[in-house]
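J.: Chains A and B, in that order, are what the protein sequence lines are. Numbered per the working numbering, the first sequence spans residues 160 to 250. Numbered per the working numbering, the second sequence spans residues 1044 to 1634.
It should be emphasised that the hints constitute simulated quantities derived from the structure, not laboratory data. Don't take each hint at face value.
Among the chain B residues that face chain A by a calculated CB cut under 7 Å, a handful are [claimed, not checked]:
#1 Ser-1108
#2 Pro-1248
#3 Thr-1250
#4 Ile-1254
#5 Phe-1534
Listed next, the in silico DSSO-like pairs over lysine-lysine satisfying Cα-Cα at most 27 Å (straight line) [claimed, not checked]:
#6 B:Lys-1400 to A:Lys-172
#7 B:Lys-1602 to B:Lys-1400
#8 B:Lys-1238 to A:Lys-219
C-beta: ideal position from N, C-alpha, C; glycine also.
So the chains spell out like this:
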Amino acid sequence: MYKRGIPLAHLKKGKTGRITHIRRGYHGGPHGRHHGLHGFQRRLNVLGIREGQIIRVDSKQPLMGPITISVGNSQMTIGRGIAYKIIVEEL
Amino acid sequence: MIKKIVLMGNPNVGKSVVFSRLTGANVIASNYPGTTVDFSKGKMRIEGESVEIIDAPGTYSLQPSNKAEEVAVKMLKEADVVINVIDATNLERNLYLTLELLERDLPVVIALNLWDEARHLGIHINEEKLEKLLGVPVVPTIALTGEGIKTLVTRIKEARSNEKIKPTSDEGRWIEIGSIIKKVEQVEHRHHTIKDRISDLTIKPLTGVPIAAGIIFLSFWIVRFIGENLIEHVFDRFFYGVYLPLMNGLSGRLGPGIINDFFIGRLVDGEIDFVQSLGMLTTGVYIPIGMVLPYIFAFYLVLSLLEDSGYLPRLATLVDNVFHKLGMHGYGIVPMFLGLGCNVPGALATRTLETRKQRFISATLLAIAVPCMAQLSMVFAIFSQDPESSILAVESWQYPPVVYISLVFLTLIILYIIVGLILNKSIKGESPEIFLEIPPYRRPNLKTVLKKTWMRIRWFLKEAIPWLILGVFLISILYNLGFIDWLGAIFEPLMEGVFGLPGVVSIVLLTGFLRKDLAVGMLLALTSTVTFNPMQLVIIATILTIYFPCVATFAVLVKELGIKDMLKSTAIMVSTAVIVGIILRFVLLGV
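Isolated chain A, as found in the complex (with noise of 0.2 Å):
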């Protein structure tokens, strides 16, 4: 099913997204090949990082480095490279 929306690395600085789709492999290698890589996708999904949840870019950090974002409660960095797998359609 095609999916509207923007990576959420491209939301700008201050502006809040709903998050409509994760797409897989959260560190451009193969899936689930080393230690823990399921861990650390349930890890973004307890701290808020799922379908259907509303999410602040915080701050960006310059030359593609993580940017900070708020879901919640909580606030949290993430890597421009999983920035770029979740998908928002900007509220």
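Chain A is already provided as a structure; the job is to place chain B on it using the hints.
T.: For chain B alone, kept in the frame of chain A given last:
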């Protein structure tokens, strides 16, 4: 019968504070206190019975994503009761772990912590309803003030599981959590607070980077300030005013002979010299307590403040770019910081990194380029030019001490980056990106900070003193056998030819395998027979950091990396030391 209680919870929920409340001052064992790396064990009393209580590392779920979390999951197997500490300000995501625990049919009591913070944020939780829905006791707590802890203790025996909660899929769990949240939680709209503003400023690159530089500089300044003043006004007063006469008396009573040689050591100009005498009761006690402990105390005090305030994850965010190029991610700064106190906890902290590649790079760089506080405090002593306290007779000081110390640091920082870049390119494996929760700023609780500092100091003393005394003992035997001079002569061509250093420096490096602070102590002891120029001292201090970790760190690294990787890492260390030594010789000595 309850014998073992395990504390489980997400990171940053105040679990360690709950632990410290439950155990009082009575923590019996802790591999390394205060980090989420390893567990702490303690005892508490429930209705007169002594019960063991374990503080497991923080984890988001029972499917671990790193080694630290694996430790947490393993602890569960031994638990008779689990106290699940929950962050009331983040009920939804904390309940995920709770459901996983209940699915496993473990007897659970819930501490709904940070209750006050939730109120401030306009979050209202109906804890009675939550208790009914989950079917296990729920106790609101404010661990920092101790509120609710008594009730928690009395309700431990009510711990039970909930048979109605069956293992389900991820989605199933989130649906269940959603329906629970709807029934128990009400959230008012919240306004931006001053804390949010500070948080923004410290994480935005434009303001965050200068603030980070300021905080790091200030931290080091405070450590030196506290360390120096403690030595001058407290420790040296004790050692020279009380301890020295005591030792002189003992020495007189023992009379000359081998026992005197071992305990008091040789006399320098007819007197005991705490650094040069090399006796077990003189040098063996003075180095760890009189020279190193004051700095260790200062360092851990500042580190605990940085940790408990919640600043470190923000720093990790700011440095992520750099660390990612070195094959790690921003959180790699935490093992490095801990390593500055002592390399052993630094090596343990590499567990929080996700892949083998990251852990290998982090551990190798730690061993190569991060000097521990014990070594640093001795290096500070070397370059102290205060004529009264200057221990070292050097040919000529051309620059103020800060220049020499900066040279050591500068070399090590450059090395950290260069070796990191090379390792990132040459080591196979993945380097996952940073993914790190940023907890809200919290005002550190003085009591907790002091307790943590104290536990770390106690841990340092337990680790350091046996090795130091053993080291001093071995050295005095080797001295008496003439082995030291022999060794110096053998290594003369190597040291002189390659590094432009006197042959006896090989003894310093050998001693460094036991303890780095003792090694610098040996260097000071040598100055009665050999004259060094300040740049040679810079080279020695630098190589001493690079060439090999001390035995305690080595043992931990073998355990963490495995023998094969450790051999690889060792080869990198030794060859780096040789290359850097030669380069420094040309740059600093000009020969």
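J.: Against the earlier hints, flag every one the structure doesn't satisfy and list their numbers going up.
T.: 3, 4, 5 and 6
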